[in-house]
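Make a model of the complete structure from these sequences and hints.
2 protein chains.
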Amino acid sequence: MFTFFKVKKVAEVLEEITKFPMLPEESLGLKEALGRYLAKDILAKEDLPPFSRATMDGYAVYARDTFGARESEPVILKIKGEIAMGEVPSFSLASGEAARIATGGMLPEGADAVVMLEYTEEEKGIIEVKRPVAPYENVIFKGEDFEKGTIVFPAGIKITPAVIGVLSGLGITQVEVGQRPKVGILSTGDELVLPEKELPLGKIRDINSYTLYSASLESGAIPTLYGIVPDVKEKLFVKVEKAIQENDVLLISGGSSVGTRDFTLEAISRLPEAELICHGVAVKPGKPTILGQVGSKAIFGLPGQVASALLIFYIMVRPLLLHMQGAKGEHLFLRKIMAYAARNIPSTPGREDYVRVKLSFSEKGVIALPILKKSGLISSMAEAHGFLRIPENSEGIYEGELAEVFLLP
Amino acid sequence: MFTFFKVKKVAEVLEEITKFPMLPEESLGLKEALGRYLAKDILAKEDLPPFSRATMDGYAVYARDTFGARESEPVILKIKGEIAMGEVPSFSLASGEAARIATGGMLPEGADAVVMLEYTEEEKGIIEVKRPVAPYENVIFKGEDFEKGTIVFPAGIKITPAVIGVLSGLGITQVEVGQRPKVGILSTGDELVLPEKELPLGKIRDINSYTLYSASLESGAIPTLYGIVPDVKEKLFVKVEKAIQENDVLLISGGSSVGTRDFTLEAISRLPEAELICHGVAVKPGKPTILGQVGSKAIFGLPGQVASALLIFYIMVRPLLLHMQGAKGEHLFLRKIMAYAARNIPSTPGREDYVRVKLSFSEKGVIALPILKKSGLISSMAEAHGFLRIPENSEGIYEGELAEVFLLP
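Sequence lines, in order, name chains A and B.
Numbering follows the UniProt record's numbering, in which position 63 of the first sequence is assigned residue number 63; successive positions increment by one, without gaps.
Numbering follows the UniProt record's numbering, in which position 340 of the second sequence is assigned residue number 340; successive positions increment by one, without gaps.
You may find that some hints are simply not true.
Copies of the same chain look alike in the list, so a pair counts if it works inside one copy or between any two.
No farther apart than 20 angstroms at their CA atoms in a straight line, the calculated lysine to any residue pairs in the SDA-like style are these [stated by the list, open to error]: (1) K40 to P21; (2) K242 to A134; (3) K148 to S380; (4) K336 to E15; (5) K242 to P230; (6) K158 to F406; (7) K358 to L332; (8) K336 to E404; (9) K287 to R343; (10) K284 to D57; (11) K242 to R270; (12) K364 to E401; (13) K233 to E15; (14) K374 to F51; (15) K124 to L359; (16) K148 to L201; (17) K158 to S27; (18) K336 to P370; (19) K336 to L402; (20) K364 to L402.
To be clear, the hints were calculated from the coordinates, so they are not data collected in a lab.
Written out as structure tokens, the structure reads:
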């Protein structure tokens, strides 16, 4: 049905991933929208602010009137009235006049600046202005934040508290976002038992299921656990068929036994419309990763070792889950920083290497200390702050060299 | 009831914050525990791995037997049998013997290393070993990850997918975590209308409610909106009394009118057992921040301007919400990196300054570009990647100087 050993580079796989169709949109209120991704550009349907506002407590004035004002020679202005908070001024200002105004108040017609309270003195219907203000000083103009009709946010960005703030300021309380993908999670291996069960000698607990469940949840997906399948071909096929029907993405994390990976490959190939995107990725850890496409759905065969499976999750599965939800560009990836390697980290050209690191600070900046433990140990997994990336064509990173580090969420 | 104008430093307020009592614990399964904080140290109740395991496909051997082996002079070992995945070997190895084993298989008694498949050749019941292995090579020993009885994780850490992985590996599927704090959110100001309503001229939309709602949600809290209260003292008192009864933390974001801040202060002081922790913080923006304690509960008076309110949320409210949930140490704060300032940023000694920045990358490392816009504008709020901190005793950061940047979630 398809050729085997189709090894791809990480960048090639990521390119394929962004070709998967996005999920349909849904409309959410602002209380539910946090962490989702905008499915459409957002246009301002009104000016923000809706009118010119004071940004300081003081007096609305015609700026030109105050030119030349100083402590010893204050400018005298007549107080025309006071502007009540939240109301339209009932008067306009002429030259020589001023109006009391508080932060946020609406400027009366004729005023183009606000003199701060501390530079004035009020007495019997007049004020003394002791410093000049420039036109537009201490004022935010109508539409200065956003003009009606302009793009406020492009599609594909993540909805953060600040984004929600801007949307509510513009009166946009309903947004279109991509739906959350459903993710099925399946562990394979005769040696596995459920973590909640008694552990017979010779067996080990299934670590991948809960790990990938939580990582999927953190990536905005709706995960479902399909339990453990023993290394029996037909049992795997039946489970895979069911799980891919019920989900948008299926994660099979390979039992460690030699044959299991081939079973995963065969299970994918037996599905109608199956297409193999890659069988093997030029990356360490995670080389045996498989990605297949079944219609609009994706099946990943992940490494059996949990730390490797989690790495592949962060660099490939998570971008797919976010892409399906509508995320674009940098929003698909873990946040990147730069850090100085605390020691030499050798690598082999021809593949990307990802090394778990702890971060610390020195006068020089951020320092990344690789966590060097046997690859099968899981204790190092939870200690890491991020992954240091060694590019494909590099023979390694020298101590003191700057490297890219992707921060774990 | 208490003295006014009790200006504190950020560090002093943070110290007070960690004196608030933590919320009671609750017990959660691993599916629900993501993003919560461990209320107790976690001890390993068994060894991980539970037995010595192969980390490569190959042959279990007695390492000493292979010493001196080379391509031209292989060592010959007798195949004693095969170790089925997930089962206890039915035999032990003597010197001169080997057993087929796959990654994850249990080492038979007598074996202390695994020779990788690629360095062997099998024929009629024997193998040729072409390279020596050292004792313990390609093996993870019983308890090498975690020994029974040792501390796996200390109380106060955040439960990430990797932490969940380690817990499930150890058969710990139920964890004690601190409960999520309930947060009431109240906006004050005669000029405010709900974002979903028609906007009369002179009024503006309430931006703070949804912003603080989402930020609370992101900080693990359970937020409730109490709407908008006009600048009428008695109305505020009634709402505050109700909201603090129903929540652990109350956020009142000040209307911009001059009197409102005093109302908030008075509202706090009228509550029984009220204590003022600070009235004013030496920080920019956010100087007028108020923090009061009412029994085990906290009331914040936040700035009216949303970008300032959100900053104070991240540097003070969020640490309190996380502390109440059981977070400790670095887990209380936004993630910190170091970045080079893209331009001079002046500051005034005697207060901490936080400047919104966009991050980019150069050969030198991470560059922080301050977003310089009028302080009343909200468009800059959603553009920021983080906050650059200018310490209290500094007169500013020079272009090219390294500074601390706190990353927005």
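Broken hints, numbered, in rising order?
2, 9, 13, 15
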